[in-house]
Structures are given as C-alpha cells and as structure tokens.
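Student: Here the protein sequences come in this chain order: A and B. Residues in the first sequence are numbered from 0 upward in steps of one, following numbering that gives the first Met the number 0. Residues in the second sequence are numbered from 0 upward in steps of one, following numbering that gives the first Met the number 0.
I should point out that these hints are in silico values taken from the structure, not numbers from a laboratory. Please note that a few of the clues may not be correct.
Stated by the list, open to error - DSS-like, lysine-lysine: derived pairs with alpha carbons at most 27 Å apart:
{"#": "1", "chain 1": "A", "residue 1": "LYS261", "chain 2": "B", "residue 2": "LYS102"}
{"#": "2", "chain 1": "A", "residue 1": "LYS89", "chain 2": "A", "residue 2": "LYS115"}
{"#": "3", "chain 1": "B", "residue 1": "LYS90", "chain 2": "A", "residue 2": "LYS257"}
{"#": "4", "chain 1": "B", "residue 1": "LYS311", "chain 2": "A", "residue 2": "LYS257"}
{"#": "5", "chain 1": "A", "residue 1": "LYS261", "chain 2": "B", "residue 2": "LYS165"}
{"#": "6", "chain 1": "A", "residue 1": "LYS95", "chain 2": "A", "residue 2": "LYS107"}
{"#": "7", "chain 1": "A", "residue 1": "LYS44", "chain 2": "A", "residue 2": "LYS107"}
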Amino acid sequence: MTDVVKGSENETAPVEQPGTQTPSISQGDVETVPVLTNLSRTLGKRFFELLVLLFAISTLLFFLLRLTGDPAAVLAGETGDEEQLELIRKQYGLDKPLIVQYGVFLSKVAVLDFGKSLANAQDAMGLVWERLPTSFTLVLIAFSANLIVSIPLGAWLGSRPDRRTRKAGSAFIFVAQGIPGYITGLILIQIFAVELRWLPSIGNQGPASWIMPAITLASFQAPHVIRVISANVSEAMREDFIRTARANGAGFHTLLWKHALKNAMMGATALIGIQVAFLLSGSIITEVIFAWPGLGRLLVVSVQTLDFPVVQAAVFMIAIFVYTAITLTDIVFLFIDPRLRRQRA
Amino acid sequence: MSMVAEKESTASNDAAGTPILSVRDLVVEFPRPNNTPFRAVNGVSFELRQGETLGIVGESGSGKTMIALSILGIVPLPGRIIEGSITLLGKRIDNLSLAELQKVRGNDVGIVFQDPMTGLNPVRNVGSQLKESVRRHQHVSAAEATEIAFHALDDVGIPAARDRLKAYPHELSGGLRQRVMIALALINHPDLIVADEPTTALDSTIQAQILDLLRARLDKSTIIMITHDLGVAAEICDRISVMYAGRMVETGSIADVLSGPRHPYTEGLLAAVPKFDVRRPTLVPIPGQPPTADDAITGCSFAPRCTHAQSKCNERPELELIDGRPVSCWFPRPGAAG
Ligand SMILES: Nc1ncnc2c1ncn2[C@@H]1O[C@H](COP(=O)(O)OP(=O)(O)OP(=O)(O)O)[C@@H](O)[C@H]1O
Ligand SMILES: [Mg+2]
Numbered sequence: 000m001t002d003v004v005k006g007s008e009n010e011t012a013p014v015e016q017p018g019t020q021t022p023s024i025s026q027g028d029v030e031t032v033p034v035l036t037n038l039s040r041t042l043g044k045r046f047f048e049l050l051v052l053l054f055a056i057s058t059l060l061f062f063l064l065r066l067t068g069d070p071a072a073v074l075a076g077e078t079g080d081e082e083q084l085e086l087i088r089k090q091y092g093l094d095k096p097l098i099v100q101y102g103v104f105l106s107k108v109a110v111l112d113f114g115k116s117l118a119n120a121q122d123a124m125g126l127v128w129e130r131l132p133t134s135f136t137l138v139l140i141a142f143s144a145n146l147i148v149s150i151p152l153g154a155w156l157g158s159r160p161d162r163r164t165r166k167a168g169s170a171f172i173f174v175a176q177g178i179p180g181y182i183t184g185l186i187l188i189q190i191f192a193v194e195l196r197w198l199p200s201i202g203n204q205g206p207a208s209w210i211m212p213a214i215t216l217a218s219f220q221a222p223h224v225i226r227v228i229s230a231n232v233s234e235a236m237r238e239d240f241i242r243t244a245r246a247n248g249a250g251f252h253t254l255l256w257k258h259a260l261k262n263a264m265m266g267a268t269a270l271i272g273i274q275v276a277f278l279l280s281g282s283i284i285t286e287v288i289f290a291w292p293g294l295g296r297l298l299v300v301s302v303q304t305l306d307f308p309v310v311q312a313a314v315f316m317i318a319i320f321v322y323t324a325i326t327l328t329d330i331v332f333l334f335i336d337p338r339l340r341r342q343r344a
Numbered sequence: 000m001s002m003v004a005e006k007e008s009t010a011s012n013d014a015a016g017t018p019i020l021s022v023r024d025l026v027v028e029f030p031r032p033n034n035t036p037f038r039a040v041n042g043v044s045f046e047l048r049q050g051e052t053l054g055i056v057g058e059s060g061s062g063k064t065m066i067a068l069s070i071l072g073i074v075p076l077p078g079r080i081i082e083g084s085i086t087l088l089g090k091r092i093d094n095l096s097l098a099e100l101q102k103v104r105g106n107d108v109g110i111v112f113q114d115p116m117t118g119l120n121p122v123r124n125v126g127s128q129l130k131e132s133v134r135r136h137q138h139v140s141a142a143e144a145t146e147i148a149f150h151a152l153d154d155v156g157i158p159a160a161r162d163r164l165k166a167y168p169h170e171l172s173g174g175l176r177q178r179v180m181i182a183l184a185l186i187n188h189p190d191l192i193v194a195d196e197p198t199t200a201l202d203s204t205i206q207a208q209i210l211d212l213l214r215a216r217l218d219k220s221t222i223i224m225i226t227h228d229l230g231v232a233a234e235i236c237d238r239i240s241v242m243y244a245g246r247m248v249e250t251g252s253i254a255d256v257l258s259g260p261r262h263p264y265t266e267g268l269l270a271a272v273p274k275f276d277v278r279r280p281t282l283v284p285i286p287g288q289p290p291t292a293d294d295a296i297t298g299c300s301f302a303p304r305c306t307h308a309q310s311k312c313n314e315r316p317e318l319e320l321i322d323g324r325p326v327s328c329w330f331p332r333p334g335a336a337g
C-alpha cells in the first residue's frame, strides 16, 4: 500500500535517504526543508494542473455541444421553427465563425459565466451554487460516517492474529463491495421508510432525512477503506518496530492505535483522498434515489433536459471540487507523514 | 527516580547469592502441519550473575534470537515456550500474566535488536517512542519524561540530543538509530540487557563505535550478547556459550573456549576465524549445512558434519563437565593441552 503513496508523491519527495554518518550529523536538521516550502510547491503544482484540466473540460464541452448537431436546434428544443432558430443563433452568437465563438465561450468561462439555464432562464452558475450546500451536507455526513466506522473497524480486523476472524471479515467486505450503492439505498428505503416508517425517504427535511442517503453514499466507500486499513494494520503489526514496542512493555491497544494504525493511515490517506474526490460523483446516484435536491440531481435533470449551460456549470464545479480534494490530501500527507514533512535538501 | 534507586539496590543484594537470570531447560517449539513440531530451542540452560556478560554465538538459525525473545515472553506465534523456566531476580517470569510480563519488558529487561533501520516506528519521532516507555514504567510527568529521554540520548553519545528528540528515524543514520535503540533499552535502567546482534547491520567503523558504547556499560550492567562474530564476543564477554541447532554445545570463560575449544563445532568455528588460531594458515570452513527443520536427528545434531563422528554419536550426548565447563560431545577435543 505504501507503494501507492510513494508513487503518487514521486515528484514532491524522494522518501528514504541513505543515512550519512557522523561528521555532518549535527547539521541534519538544518538541512531539512520546512513544511511550508513543500506546501506552496504542492499547491502551485495542483493549481496549474487544475487550470489545464478546466481548460480541457471547457474545450470538450464546447465542441461536444457543436458535435451533437446544430446547437441552435438543441437550444430551441423540439418545437423550434426556422425563425426561432435564426433568433437563437443571433442571441447566442452562433452565426459567427467557430473560432470566434470558442474565444467568446472561453472568455466567459474564465469569469464563471455559463449563461442562463434553458429551463428557467436563471443564471446557470447561480443554480449550481444554490445546490452546493445541500450536496455538501450529504457528502460531509457520509464521509465522516465512513471514517468513524471504517477506521476502527479496519484496524480491529487487521489486528486479529487468527485467520478465522480475518477470513470472515474479508469475505464480508468482499460481498459488501459487490453490492451496488443503489441496491443499498433501495433496501434501506424498503425497510426504514416503507415497512417501519421511521425515516423519510425523499428530499432534505432535516436530520432524520439525512440518515439513509448518508449511509447509502458511505456504503459505496466504506468497504474499500476497511479493506485497506485492515490490510495495512495487519502488515504493520508484523513490522519490527511493533516487536520493539512490545519488548518495551507496550500492550495491545498501544501497539494497535499508537503504532500500527498510525502507519496504516499513511497508505490509507491516498485512498481516502481519492474517495473524497469522488464523493460528489458518487452522490449523483444517491441524490437521484432519495430525490435529494443537490448538485448531483441538478446535473442528472439538466442532462435529461439538455440544459447545456447548467450541465457545463455543474461539471465545472465538480472538477474544481475533485481537484480541491486531491490537493487537500496532499496537504494532509505533508502533515502526517514525517518523511515528507522534513526532507533533506 | 526513587524506583530506580530501589531497583538497583535489590540488584546488588542479589549479586552475592542468586543469579540475576537463570534459564533452565528452555524449549521453544514451532508447530508444523503434518509433522512433529520444530524445536528452535531445545533444552537450553544458563545463568548470569550481576555484572556478567555472557556471549551466545552460533550459526544463523541456531536459536539465539528465540532465547532472547523467550526471556521477554515475545516468541512470535505460532512459536511457544513449551518447557523450562526463566527466573529473573529470583522470580519466575515465564509463567507471569501478560500484565505482569509487560511490567518486566523494557523495565527489568531491556533488549537491543539487530536492525536499527526497521526497529523504530517511522512515523513517530524518537522522543515520543522513548517517552512512551518511560511513562509506562516510571511515574513521572510528561516534562520529566522528556528530560529522562534527553539524558538517555545524551548518555549513548548522540550529539545535539535535545534536538534529536524531535527527529524521526529516517532523519538519523544507521549508527545513530542503533544508539537510539540502545538508549531505549537502557532508559528504565533494566537489571538485564539483551543485545541481539546489535552491530551486525552496521558498517565496520560504526560497529566499533557501538561496541565501545556497550563496553562502557559493561561494569554496570548484566548483558547477554548475541552475536555470530567471535571477535565481538572476545572483546566484550566474560563467558561464552556456543549454540548449535537449538542447543548450547559448549560453555566456558572466553579465554578457555577460544584457546581450548572442546566441542568439534566450536573448534570448527574458531578455525573459520583466522586470528584466533595461529596454527592454521588458512580459513577452514565447516563442511556441510546446519540441520534444517526437516532433518530428524536423534543423536548429536552436529554429527553429520563432524569429522570426528563415530557410531556412538548416533546417541544424544548430554552436557558434561569437562575441565569444569559443560560440553556436549562423546569425543571432546583435547583443548588447550593438546
Ligand atoms: N515464525 C517462525 N516459524 C517457524 N520457524 C521459525 C519462526 N521463526 C524462527 N523460526 C526458526 O527458529 C530457528 C531459530 O531462529 P532464530 O531466529 O532464533 O535463529 P538465530 O540463531 O537468531 O539466527 P540469526 O543468526 O540468523 O539471527 C530458525 O531455524 C528458524 O527457522
Ligand atoms: Mg537472530
């Protein structure tokens, strides 16, 4: 698992350095790079990547719209006659040469102006902004629930020396991993909304309505976290430093929580970061199942109604979110992994 | 600190009479599917008195590390101690509860392992690992623990020790890490120090420094020094035990064993090291391989490789006193006299 970590961090840090002995020892600390240098380097790199990505996405979106046929026809919908089409072409500048249109489009995208929604003439980006907090609520609850359950569970599972428990655990995880998220959602609705009538199954109506969507969304990701943490912990428990700690009187809980888990988290952070990045996209299905008025549902509805400005704005926002999540992961790494925090110059 | 003083006084009381450590008939077994269990340690007995340094030498796989781990009660599963007794300071420690054993580990017995590169937790700084052990065994505040940790690093010759508390293992060279491991072993002033090949993983100049460091502690400490380097044993130890296939085949003072080995295996070991035997101009490797787990040997386990083996060697030789020191061989070598 550590290989994953090292692989993704190659450019920022050569991890292990062969030690050099005595004369220069006392300067060891002086030669290290402070965390902020690494931080700004990482941030700069990620920001540049984000710009490139956003540029690529907008270009793709621009040409996709034109490839699907006459954009004016798409924009006018099925009812539009020739006169309307002409009007729309003028209104959207579609009568100008393609390269000019592209330039105009890009310059608007640069200031996050995606035009108005075709459905209700509201500002497309405004609609996205409106939905964002609702999606974030769901994503945040699901993510916290995932970590609160998965980390201790994974650690406990990984610390079991006996094969039986571990095998049963991984069998369970294997099955859990295979169940599609929407099935989980539908089962939950059937039990807790339809049969027991404990929880509302639709929309955002306060805390009770958060439970099922959050569990559904978390269930996409929890099995992966449990599996990685448990594998990493069980690997760490066999390391020499565990033997050292045990030889100094450390008990099971010290070994597990203070020694093994901390190491296991190194490998898991990469996975968890990627999961954060895909939370929003994972929430699309969940939002549709539970009619959750968030960004995911907005995106699905907009795609269905060919509301291109809104689709573009939503995709843009998701891309920004994904990149922010990945960047945050990098930063978390800098803080929890001492090998990246202070490296020799 | 009062605890420490108390402990040292008990230790010196014991010095006259009972040994610090007494291991009797120790057997460590690893179960094997569809087979008889493998005995990594097969009936080992020895004693250590206050201030004494015992060397345990022997080829790889002869069970040296398992003896060390047995004393701390940390033989890795599925291995188990199935016979024997281990008595530390007059108290049996092989049948203690886990909670009581944890009070012995790192407190009454400190251990230095072979590989300093992997022996420290890479994601925790050196200070926190030292302090964890201090606060487990001594009732001190966090600030006092920091001071104790600082002095421990300073005592083992780590420069800029106060800054080093915040260093992570990867920021230290191999030699410094081994010093940290030694500091960790010594930090609660154990009555017994077990050093399991503490210099094997280091390059030769660093080896010499670490040996110097250990030698400086010799007068104060009771040490078991595990090594397969007879030179190291000769420099540091008072007595030496030679292990072969889970048994101690010969034990004696360092001078007696090196100048007059009685067991053919010891003789072979010495012949493989030129500077201890001026009579032989060239290195003479011991022919053959040590027995593997699959070899079922009923007699002397060295017999298949022994140039002096006779039919009697199909019976197991017991340890017998020869010139006042235990040797297990039907046909002991003449020793210094011959
Ligand atoms: N987990 C295990 N399962 C089975 N056998 C084991 C296990 N660990 C050790 N052994 C066996 O126990 C025997 C003694 O091992 P030990 O580590 O004590 O040898 P050693 O004398 O310390 O060797 P070295 O010089 O290589 O450190 C070896 O033959 C080894 O094969
Ligand atoms: Mg060993």
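Student: Would you mind marking each hint as holding or not holding in the structure?
Tutor: Hint check results:
{"no.": "1", "hint": "A:LYS261 <-> B:LYS102", "result": "24 Å, holds"}
{"no.": "2", "hint": "A:LYS89 <-> A:LYS115", "result": "15 Å, holds"}
{"no.": "3", "hint": "B:LYS90 <-> A:LYS257", "result": "31 Å, violated"}
{"no.": "4", "hint": "B:LYS311 <-> A:LYS257", "result": "56 Å, violated"}
{"no.": "5", "hint": "A:LYS261 <-> B:LYS165", "result": "17 Å, holds"}
{"no.": "6", "hint": "A:LYS95 <-> A:LYS107", "result": "16 Å, holds"}
{"no.": "7", "hint": "A:LYS44 <-> A:LYS107", "result": "25 Å, holds"}
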